[in-house]
Amino acid sequence: MASGLAGQMLAILAALALAPILSGWVAQCRAWLQSRSAPPLWQPWLVLHKLFLREVVLAQGASPLFSAVPFLVFACMVTACAIIPTLSTDLPLSVVADAVALVGVLALARVLLSLAAMDIGTAFGSLGARRDMLVGFLAEPALLMVLFTAALGAHSTALASMVDVLAHRELAILPSLAFAGVAFTMVSVAENGRIPVDNPTTHLELTMIHEALILEYSGPHLALIEWAASLKLFAYSCIGIALFFPWGLAANDSPLALLFALPILVAKLALGGAVLAVAESVSAKMRIFRVPEYLAIAFVLAVIGVLVHILLGS
Amino acid sequence: MDAIPLAALARWPLLEAMLLAALGWICLGLIGGLQRSPGHAARWVYPIGALLAAGVAFLALLALVAPPLAPHTFSFTHGMAGFVMHFRLDALSALFVALLGLSATGVSLFATGYFSTGDAPSGRRICAQYHLFLASMLAVLLADDTVTFLLAWELMSIASFLLVMTDHQKRATRRAGYLYLLIAHAGALAILASLILLQAGTPDPSFGAMRANAPLPERSSIVFLLGLIGFGAKAGLLPLHAWLPEAHPAAPSPASALMSAVMLKTAAYGLLRLTYDLLQVQLWWWGALMLALGLVSALAGVLFAAIQTDMKRLLAWSSIENMGLIFSGLGLAVLFSSHGMQPMAALALTAAFCHALAHALFKSLLFLSTGAVLHATGERNLGRLGGLIRAMPWVAWLTLVGALASAALPPSAGFVAEWLLLQSLLFNPGLPDPFLNLLLPVAAAIVVLASALAGYTMVKFFGITFLGQMRDNPTRPCHEAGHWERAGLIWLASGCLMAGLVPGTLIQLMDPAVHQLAGSSLGSQIGAKGWLLIPVDIEQSSYAPLVLLLGIAAACVLTWLILRRLMRRGLRRSAPWNCGYGFTSARMQDSAEGFGQPIRQIFESMFGIRRSLPSPFDRSPHYRVSVEDRIWRGGYLPIARTVGRLSQTLERLQPVRTSACLLLSFMAMLTIVAWAVL
Numbered sequence: 001m002a003s004g005l006a007g008q009m010l011a012i013l014a015a016l017a018l019a020p021i022l023s024g025w026v027a028q029c030r031a032w033l034q035s036r037s038a039p040p041l042w043q044p045w046l047v048l049h050k051l052f053l054r055e056v057v058l059a060q061g062a063s064p065l066f067s068a069v070p071f072l073v074f075a076c077m078v079t080a081c082a083i084i085p086t087l088s089t090d091l092p093l094s095v096v097a098d099a100v101a102l103v104g105v106l107a108l109a110r111v112l113l114s115l116a117a118m119d120i121g122t123a124f125g126s127l128g129a130r131r132d133m134l135v136g137f138l139a140e141p142a143l144l145m146v147l148f149t150a151a152l153g154a155h156s157t158a159l160a161s162m163v164d165v166l167a168h169r170e171l172a173i174l175p176s177l178a179f180a181g182v183a184f185t186m187v188s189v190a191e192n193g194r195i196p197v198d199n200p201t202t203h204l205e206l207t208m209i210h211e212a213l214i215l216e217y218s219g220p221h222l223a224l225i226e227w228a229a230s231l232k233l234f235a236y237s238c239i240g241i242a243l244f245f246p247w248g249l250a251a252n253d254s255p256l257a258l259l260f261a262l263p264i265l266v267a268k269l270a271l272g273g274a275v276l277a278v279a280e281s282v283s284a285k286m287r288i289f290r291v292p293e294y295l296a297i298a299f300v301l302a303v304i305g306v307l308v309h310i311l312l313g314s
Numbered sequence: 001m002d003a004i005p006l007a008a009l010a011r012w013p014l015l016e017a018m019l020l021a022a023l024g025w026i027c028l029g030l031i032g033g034l035q036r037s038p039g040h041a042a043r044w045v046y047p048i049g050a051l052l053a054a055g056v057a058f059l060a061l062l063a064l065v066a067p068p069l070a071p072h073t074f075s076f077t078h079g080m081a082g083f084v085m086h087f088r089l090d091a092l093s094a095l096f097v098a099l100l101g102l103s104a105t106g107v108s109l110f111a112t113g114y115f116s117t118g119d120a121p122s123g124r125r126i127c128a129q130y131h132l133f134l135a136s137m138l139a140v141l142l143a144d145d146t147v148t149f150l151l152a153w154e155l156m157s158i159a160s161f162l163l164v165m166t167d168h169q170k171r172a173t174r175r176a177g178y179l180y181l182l183i184a185h186a187g188a189l190a191i192l193a194s195l196i197l198l199q200a201g202t203p204d205p206s207f208g209a210m211r212a213n214a215p216l217p218e219r220s221s222i223v224f225l226l227g228l229i230g231f232g233a234k235a236g237l238l239p240l241h242a243w244l245p246e247a248h249p250a251a252p253s254p255a256s257a258l259m260s261a262v263m264l265k266t267a268a269y270g271l272l273r274l275t276y277d278l279l280q281v282q283l284w285w286w287g288a289l290m291l292a293l294g295l296v297s298a299l300a301g302v303l304f305a306a307i308q309t310d311m312k313r314l315l316a317w318s319s320i321e322n323m324g325l326i327f328s329g330l331g332l333a334v335l336f337s338s339h340g341m342q343p344m345a346a347l348a349l350t351a352a353f354c355h356a357l358a359h360a361l362f363k364s365l366l367f368l369s370t371g372a373v374l375h376a377t378g379e380r381n382l383g384r385l386g387g388l389i390r391a392m393p394w395v396a397w398l399t400l401v402g403a404l405a406s407a408a409l410p411p412s413a414g415f416v417a418e419w420l421l422l423q424s425l426l427f428n429p430g431l432p433d434p435f436l437n438l439l440l441p442v443a444a445a446i447v448v449l450a451s452a453l454a455g456y457t458m459v460k461f462f463g464i465t466f467l468g469q470m471r472d473n474p475t476r477p478c479h480e481a482g483h484w485e486r487a488g489l490i491w492l493a494s495g496c497l498m499a500g501l502v503p504g505t506l507i508q509l510m511d512p513a514v515h516q517l518a519g520s521s522l523g524s525q526i527g528a529k530g531w532l533l534i535p536v537d538i539e540q541s542s543y544a545p546l547v548l549l550l551g552i553a554a555a556c557v558l559t560w561l562i563l564r565r566l567m568r569r570g571l572r573r574s575a576p577w578n579c580g581y582g583f584t585s586a587r588m589q590d591s592a593e594g595f596g597q598p599i600r601q602i603f604e605s606m607f608g609i610r611r612s613l614p615s616p617f618d619r620s621p622h623y624r625v626s627v628e629d630r631i632w633r634g635g636y637l638p639i640a641r642t643v644g645r646l647s648q649t650l651e652r653l654q655p656v657r658t659s660a661c662l663l664l665s666f667m668a669m670l671t672i673v674a675w676a677v678l
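Respectively, the protein sequence lines represent chains R and D. Position 138 (the first sequence) corresponds to 138 in our numbering; numbering is contiguous. Position 546 (the second sequence) corresponds to 546 in our numbering; numbering is contiguous.
Worth double-checking, as some hints may not be accurate.
Unchecked claim - According to the in silico footprint, chain R covers these stretches of chain D (three or more CB under 8 Å from chain R):
id, stretch
1, 384 to 390
2, 436 to 449
3, 465 to 478
Said to hold, decoys possible - Anything over 10 Å on all C-beta distances counts as not near chain D; from chain R, calculated:
id, residue
4, ALA14
5, LEU262
6, PRO263
Derived from the structure by calculation, the hints contain no laboratory data. Predicted model, so just to flag it, every value in this text is computed and none were measured. Positions of the beta carbon are idealized from the N, C-alpha and C atoms, including for glycine.
Using the sequences provided together with the hints, build the complete structure.
Structure, rendered in structure tokens:
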């Protein structure tokens, strides 16, 4: 139990430390691909440091909900990262919450952030809230169906046992997981506010989704939300790794196994981030009303994945 | 627990005490109805009613805790010749009585504050109808013969109809009431036909006699279908849902809360009583039909909820969604039972019961908070509200608890129900029919989609009402809810939280009812750990909401403590940034229509939308859009027109002279006599 808790703490600390670096890595790759000089890898950490030292400028009329939400969203994302098997599959917290609860925690964070955006009563806040919920209500079911495809194979919705089963199968492309993989990629692009659904570096108010939500935040509040956003990217990357490339996760919590698991995780994240950067660079942002079609395709693909699993038994 | 031996507890006259409470409600209603000043009387009548409700809930919980002995029965001979009224308390009744008691306590506490402010003469009427409504719902749950059941059922329909008609000066209210009465009676007729078919051949109308000689499968199917029509009409399942979004908003808020939280559940109770208790067999297609109807209702309900602009209509549509999900769970249970998969049926039933309880708590909470908002601002239209979290923080934060539960987000009660339903949809050992096996994941997809849309709807409901700025009249006076109102809301919100955080204890309480119906229960897996939920096997799935909440809270507090040390600079208030655009007005926020617009656009084909756009040359341009239910236009109106035409045709047959009239009735009588003799 003690070693389990130590492993759990290590996973949380790794997530907290690596998440901003992952965002920085994606930005760096994008800059290289676009022939710009790239910011350093730890640029997001510098930004967080800068924001934490600033004062909070709170809009007049903001309710306590507005100041509470950055903390709640950050806590939700940390909890989500603690549930996902990032380093090892021997997690004490995996009894507490399964895949459905994980999606629930992510949805809770989204709903809270959307509510906070509506709190001040500006035009952009409610616009962002509406758009974010629009993306969410289709992306969330699609993500759950992706997870169900893996859950049906493992006869379990506990993430640790799902990953255990997936890691110990023979190396072959299963048709159901192929559908689920495509759906998952589409969903994670949409959920993390990436091109073609949203642009994380946008400065054009009318096309914003995530940036419109957090317009009114400043200082440490904004830092927490930015950190939570990078934790979300980290969480989605780790779900993808756990479902589709689970090899190399530690099966127990011995320090040696964890020591090996960490560089493997970093290597996989680096590869995933580079792929994301390439995908973002070669596609263009779509109109907001094309997004539901895009997500509906992801949802249908995920459902087909589940059906294929039942039909073919694999 | 040893202080009171459970065996002795089971011999307590629990049923008699409950019937006394029902009598007490009727007396309270009569006394309250006769008071000269109803506002003053409300201050003591409703709290006593709440006390009785709490007592009933306590008795029902006792009945669930006590070991499953023979059910309590009670009968008394009525004044009418040889007519005996039967009552019976078994685990299934006790579960729904507990649900009734728990939510009625909160609603009655709230009603104390709600009805004591005005001294309008309608208060007297409402008091009598409200308590009659409570008593009749209790009688429905305890009745044990056809006549008593239908009597109580009719009383329930009529009491709620009268409550709907409270505002009868308005034409819309009269229309809503008429529609409700019509569909309620069509449903009651179907139930009557179903029970008569079930009783056929024996003179004994008691349910006990029906249990003893269950009919053949062919006749059972007809009985079931009639029952599904009757109870489905009460539950607001598609396509018999048209009354619900009209009637619920028309009633005073505590009455809408009771109708949505408890009355709709009596339909689920009735159908369970019919399929599991009175009919001994279950056929697979009954379950499939219930599942399909439930899923369609869930999806349609939440889509329509997302585009509503009236707070109570939004909640009414959301009730259709929730009843749809409950009926999906019940249908799944019937499907599993028919294939002899008792443990799976128990899981699906538990999911449906959890959802019923969660819905009873959070929906009454939400309806009551609309009542508080209505009292404070005189407004029910979302498009005119906003920013109420500043003027009424108590109501706002308590509503947030209900809204999160309604959105099925962890760690709320709504999430537990959704989680269990998904578990039972995903992990079954495989039905014999491969086609059905393929349909279950699709059902899971629809359930997930409906709950995600419920999240959208609840962000709209809470965000537009309580957050932002007041849209219509910034200086509108509004005040916080009173003590009694707050007490009612707190009761329901804490019930919501408890049900969400210790689901294991809750499921253990439900276990006797599940065991009575499915013949199997989850008790052994749940074990003694109230905080950890393991439906089948710890390897398969588990969920511990309390630990999850503690984890989130710990992370939250830790972050806050660290940041407080780190943050050297303070906090400054300033005008909203809004991208540097200085001029802001409340009209710039999303309206209720605006927030629902994406849903309207994506699912355009499901709604009947009529738009009128202004031309560029209009002096005062107006944009109008109305969304109506396609079933209303395509299903109800043609039937209404046909009935109208038929009655006109028959009118022509009606002779003008009295003698011809008499002749016709004489002929009719002769025919009946001849038919009876032959």
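Against the structure, the hints come out as follows:
1. Counting residues of the stretch 384 to 390 of chain D whose C-beta sits closer than 8 Å to any C-beta of chain R gives 4, which meets the bar of three, so the coverage hint holds.
2. Counting residues of the stretch 436 to 449 of chain D whose CB falls under 8 Å from any CB of chain R gives 8; the rule of at least 3 is met.
3. With 3 residues having a beta carbon nearer than 8 Å to a beta carbon of chain R, the stretch 465 to 478 of chain D meets the requirement of three or more and the stated coverage holds.
4. In this structure R:ALA14 is separated from chain D by more than 10 Å, as the shortest Cβ-Cβ distance comes to about 15 Å.
5. Against the 10 Å criterion, R:LEU262 stays outside the reach of chain D, whose nearest CB is about 22 Å from its own CB.
6. Listed as a non-interface residue, R:PRO263 keeps its Cβ farther than 10 Å from every Cβ of chain D; the least gap is roughly 27 Å.
The structure fails none of the hints (numbered hints given earlier).
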